[in-house]
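Residue 6 is where the sequence shown starts when you use the working numbering, and the numbers rise one by one after that.
None of these hints come from the bench; they were simulated from the model.
Keep in mind it's a predicted model, so treat the numbers as computed, not measured.
Be careful, since some hints might not be right.
To be verified - Straight-line C-alpha distance at most 30 Å; calculated DSBU-like pairs for lysine-lysine: (1) Lys72 - Lys159; (2) Lys92 - Lys72; (3) Lys324 - Lys260; (4) Lys48 - Lys201; (5) Lys206 - Lys57; (6) Lys48 - Lys72; (7) Lys235 - Lys260.
As the list claims (entries may be wrong) - If you anchor each label on the Cβ, the simulated ranges turn out as follows: (8) Asp392 - Val365: 26 to 36 Å; (9) Ser381 - Pro135: 32 to 42 Å; (10) Glu107 - Pro155: 21 to 31 Å; (11) Asp264 - Val153: 20 to 30 Å.
Glycine is no exception: its CB is placed at the ideal position from the N, C-alpha and C atoms.
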Amino acid sequence: MEENGGGQTPEDTSVADELISPIDSDQFYPTRGQRQTINRFNKHVLGDQYIKQAARLHPRSREETKKRDNEFSLTERIHEAEIGQIKTPPEPAHRWTVTLEEDTFTEEKYQVYENYQRVVHGDEPYERSPDSFRRFLCGSPLQRRTMVGPDGRKRRLGSYHQCYRLDGVLVAIGVLDLLPQCVSSVYFLYHESIHKFAPGKLGALYEISLAIEDGYRWWYPGFYIHSCPKMRYKIDYGPQYILDPDTLEWRFLDKSILDILARDTYTSLSAADNPRGSGLHSADGMIIDTSAGKDQKSASSGEDSEKSDSDEDSGMTYKSLFQSGMPGIPSVQDMEQFDLDHIVLRIFPTGPLFETSDLVGWRHSKLAEPSTVKHSIAQLIAAVGPDLMDRICLDLVRRRG
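Given the sequences, and given the hints that come with them, work out the whole structure.
See the structure below:
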């Protein structure tokens with residue numbers, strides 16, 4: 006796994022080519038090649054001598070041996086060689102640690118970035134400078150916090166660096182955005198010294214395991230561009246879903262969808278272009294029928310009417326409420342006197358509530374500019390009355406009516 010952009014330059018593609026493709030970690034099962042990658046790396050870290058002596062000093066029970074031989078548990082096997090998981094004595098051949106750290110700049114992290122950009126991407130010195138690393142992969146505006154999910158498990162939210170160290174040396178970094186229902190892989194970089202161990206594949210499997218263990222469920226490897234060979238690795242993980250750009254419905258990614266994506270002309274994933282149907286799912290809250298790929302029906306005709314409504318609305322010209330001359334509406338200048346930073350927001354179907362000040366760019370947004378979200382919220386508060394501002398919770402969860 007490389008960065009979510011797959012190394013493709015902007016002129017190679019267009020926005021229309023970019024498709025969103027999340028993976029359902031609850032349904033994920035690693036392929037034979039992915040299992041072999043984990044096993045080979047674990048064997049390298051532990052070493053033959055440790056494996057032999059540990060089998061004698063810390064033998065598995067018959068039930069444990071049978072389960073291990075017949076089942077491959079990603080969340081167990083991926084951590085098997087970590088120094089905090091192994092039994093000692095004896096000592097392993099290498100010390101392997103994986104930690105989730107704040108996305109701050111350190112010289113240690115920068116050295117991995119510099120090596121990766123130089124060796125893998127051939128970047129010029131100015132393109133792999135410390136400032137470039139800071140701007141690109143450090144100090145995300147996402148705020149770090151903790152939430153408790155419906156299942157009672159605590160989940161970290163915000164931007165993090167998942168750091169992989171071999172014998173105390175940082176050898177790989179996964180740049181992650183942790184959201185209430187998603188582990189989003191922003192970028193993955195590694196030192197050339199571990200290239201032979203398929204670090205990109207290991208990083209992807211670690212991130213999917215994180216989605217399973219902490220209850221995020223969805224792993225998002227970034228946009229998928231079918232025409233970009235460097236992104237083909239993303240379809241090695243499944244079950245995977247593609248967001249139809251026309252209907253905003255989730256479709257199970259199978260051969261029929263891949264055939265559509267391979268067309269040279271504009272791609273539509275609608276039922277008309279895919280008569281066999283690969284499953285049509287609601288994009289609301291990432292609720293997807295996991296029986297996709299079996300025997301699925303296409304969408305009902307009700308969606309066409311919703312799209313028609315949107316098409317009719319698209320020709321309308323909107324005017325700011327502050328320019329309407331409506332009696333009783335405060336002016337922009339009046340609204341600037343109110344504290345709009347702490348209006349409560351419901352952004353996800355489950356999880357914590359947020360405040361308007363948590364929105365990216367809110368602090369630098371100008372209320373007087375009609376194109377800003379601060380202006381839109383100010384219009385709403387002006388309409389209902391500023392005296393009710395402390396009692397309002399804005400529900401931004403999209404619903405179908």
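Hints and how they fare:
1. This hinted pair checks out: Lys72 and Lys159 have alpha carbons roughly 29 Å apart, not beyond 30 Å.
2. With a C-alpha separation of about 19 Å, the suggested pairing of Lys92 with Lys72 holds against the 30 Å cut-off.
3. A distance of roughly 47 Å separates the Cα atoms of Lys324 and Lys260; the hinted pair therefore is violated under the 30 Å criterion.
4. For the proposed pair Lys48 and Lys201, the alpha carbon gap of about 14 Å is at most 30 Å, so the pair holds.
5. For the proposed pair Lys206 and Lys57, the alpha carbon gap of about 27 Å is at most 30 Å, so the pair holds.
6. Restraint check for Lys48 and Lys72: the C-alpha separation of about 19 Å stays at or below 30 Å, so the hint holds.
7. For the hint linking Lys235 to Lys260, the alpha-carbon distance of about 19 Å falls within 30 Å, and the restraint holds.
8. Between Asp392 and Val365 the Cβ separation comes to about 29 Å, which falls inside the hinted range of 26 to 36 Å.
9. Separation of Ser381 from Pro135 is about 38 Å and conforms to the stated range, judged on CB atoms against 32 to 42 Å.
10. For Glu107 paired with Pro155, a C-beta distance near 27 Å keeps the hint of 21 to 31 Å intact.
11. Distance hint check for Asp264 and Val153: the Cβ-Cβ separation is about 43 Å, which falls outside the suggested range of 20 to 30 Å.
Hints 3, 11 from the earlier list are contradicted by this structure; the remaining hints agree with it.
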